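Start from the sequences and build out the full structure, keeping to the hints where you can.
Chains Y and G supply the protein sequences, listed in that same order.
If you're matching positions, the first sequence starts at 1 in my numbering and goes up one per residue.
If you're matching positions, the second sequence starts at 1001 in my numbering and goes up one per residue.
Keep in mind that the hints were calculated from the coordinates and are not lab data.
What you are looking at is a predicted structure, and each value in this text was computed from that prediction instead of being measured.
Note that CB positions come from ideal geometry on N, CA and C, so glycine has one too.
Hints may contain errors.
Now the in silico label distances, taken between C-beta atoms and shown as ranges [what the hints assert, rightly or not]:
hint	chain 1	residue 1	chain 2	residue 2	range
1	G	Lys-1237	Y	Leu-173	43 to 53 Å
2	Y	Pro-163	G	Ser-1133	25 to 35 Å
3	G	Lys-1068	Y	Phe-90	21 to 31 Å
4	G	Glu-1034	Y	Pro-170	41 to 51 Å
5	Y	Ser-187	G	Gly-1017	31 to 41 Å
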Amino acid sequence: MSLFVTLMAAIFVNNFIFSKFLGICPFLGVSKKVETAAGMGVAVIFVIALASAATWLVYNFILVKLGLEYLYNIAFILIIASLVQFVEMFIKKSSPSLYQALGVYLPLITTNCAVLGVTVTNMESGYNFITSLVNGVGAAVGFALAIVLFAGVRERIEKAPIPKAFQGFPIALITAGLMSIAFLGFSGML
Amino acid sequence: MELSSILFPVLVLGSMGVLFGVVLGFASIIFKVEQDPKIPLVRECLPGANCGGCGYAGCDALAEAIAKGDAKVTACPVGGQSTAEKIAEVMGVEASATERTTAFVKCNGDCEKANSKYEYYGAKDCSFENTISGGHKSCSYGCLGDGSCVAVCEFDAIHIVNGVAVVDMEKCVSCGACINACPKNLIELVPYNKKIRVACNSLDQGAVAMKACKVSCIGCSKCANTCPSQAIDMISKTNLTPPAKLAKIDYEKCTQCEQCVSVCPKNAIVKL
Chain Y
1 MSLFVTLMAA IFVNNFIFSK FLGICPFLGV SKKVETAAGM GVAVIFVIAL ASAATWLVYN
61 FILVKLGLEY LYNIAFILII ASLVQFVEMF IKKSSPSLYQ ALGVYLPLIT TNCAVLGVTV
121 TNMESGYNFI TSLVNGVGAA VGFALAIVLF AGVRERIEKA PIPKAFQGFP IALITAGLMS
181 IAFLGFSGML
Chain G
1001 MELSSILFPV LVLGSMGVLF GVVLGFASII FKVEQDPKIP LVRECLPGAN CGGCGYAGCD
1061 ALAEAIAKGD AKVTACPVGG QSTAEKIAEV MGVEASATER TTAFVKCNGD CEKANSKYEY
1121 YGAKDCSFEN TISGGHKSCS YGCLGDGSCV AVCEFDAIHI VNGVAVVDME KCVSCGACIN
1181 ACPKNLIELV PYNKKIRVAC NSLDQGAVAM KACKVSCIGC SKCANTCPSQ AIDMISKTNL
1241 TPPAKLAKID YEKCTQCEQC VSVCPKNAIV KL
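As structure tokens, then:
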């Protein structure tokens, strides 16, 4: 039950984009079409799940054992970057069709602060392995949900008669702000 | 401060970095994907606009298809003859001559010539307007003039002139982006040097088309009967009585004698 609460909290209440404001760059950059947004969302879920597991292992079995906890930031970045590279190679070889679908987005995620954010949150909250994994997947699903919803709104906005001064990013930022306010409604639920 | 408190973290992080580097290095050998050496060479020859006019996802995808033999060396409509020759050299085959094509909007019903059934004040987007009872024009086949084709053209080759999209034949590279953008399926690729075109796509019955627009094809078949080389077919929609007809030029047969242009009672066939 507590895992379920963790999952729901990560998806809705602590939504990475709308309440923690992490991963805004891909959120604004890859949200022009629902299709590409969904691709990015799936890739992020995939990477964050793997990164949560890998960083938990490295943190608890290497950094803590050696008393080097303070190196977590730089170590996590190293792990995430190598991991994404490795995953990209693996997918390219084993499943070309999945690579076609995710390929463009995987390198983008390497420097996505949401991934680092999840792993640091896991570490700071002192979650165990399973909870870390659930929290990571939840946060990533929250990211995917936010980016797909936002892309849907942006597709509609494209067709609307927006005043010239607000066209493009200004209206996108205003929309993101309104969606963030909407997500505030989830706070305090859990 | 002890020296070891600096050295130790450096060593740990350094060895982690080296370890990951070695693993990645081995992984790149183990997971190496064999790539046809011709792909990058073919890719070099392509224009790199990634317009998708060839029907593939981009220039990279086309290069792969050409190298595999799935696509012809002449598959790039943008690069034309010169690109096809370069690719043919890479692939070691002969390039057959490609005919230059251009997009053409099969509607001439501008603001004065075509009648409207209502005033449209909505979003400037053809597919959007098209959802509202097929747009403001009385003719349900005509150009809506909101410029969805203009928005997708990467080459500034199509413009709205007096409510109708007009292709600039000199700039058009026939990538086909506008063809996909048009909700009325009004745009088609035609040979560049064939200047006699039917500027109407109306498959309404003659009487309906007559009322809707001053330059509509009413399917009278005069052009087809006049054409000395039988280059004009009347395509028809036979579920109506009388059947609706529309003139269509077979450009392979057309000799550009212009007899159809002068005989058309509605001036629906034009010489550009």
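Tested hints:
| no. | hint | result |
| --- | --- | --- |
| 1 | Lys-1237(G) <-> Leu-173(Y): 43 to 53 Å | 50 Å, holds |
| 2 | Pro-163(Y) <-> Ser-1133(G): 25 to 35 Å | 28 Å, holds |
| 3 | Lys-1068(G) <-> Phe-90(Y): 21 to 31 Å | 24 Å, holds |
| 4 | Glu-1034(G) <-> Pro-170(Y): 41 to 51 Å | 48 Å, holds |
| 5 | Ser-187(Y) <-> Gly-1017(G): 31 to 41 Å | 40 Å, holds |
Consistency with the previously given hints is maintained throughout, with no hint failing.
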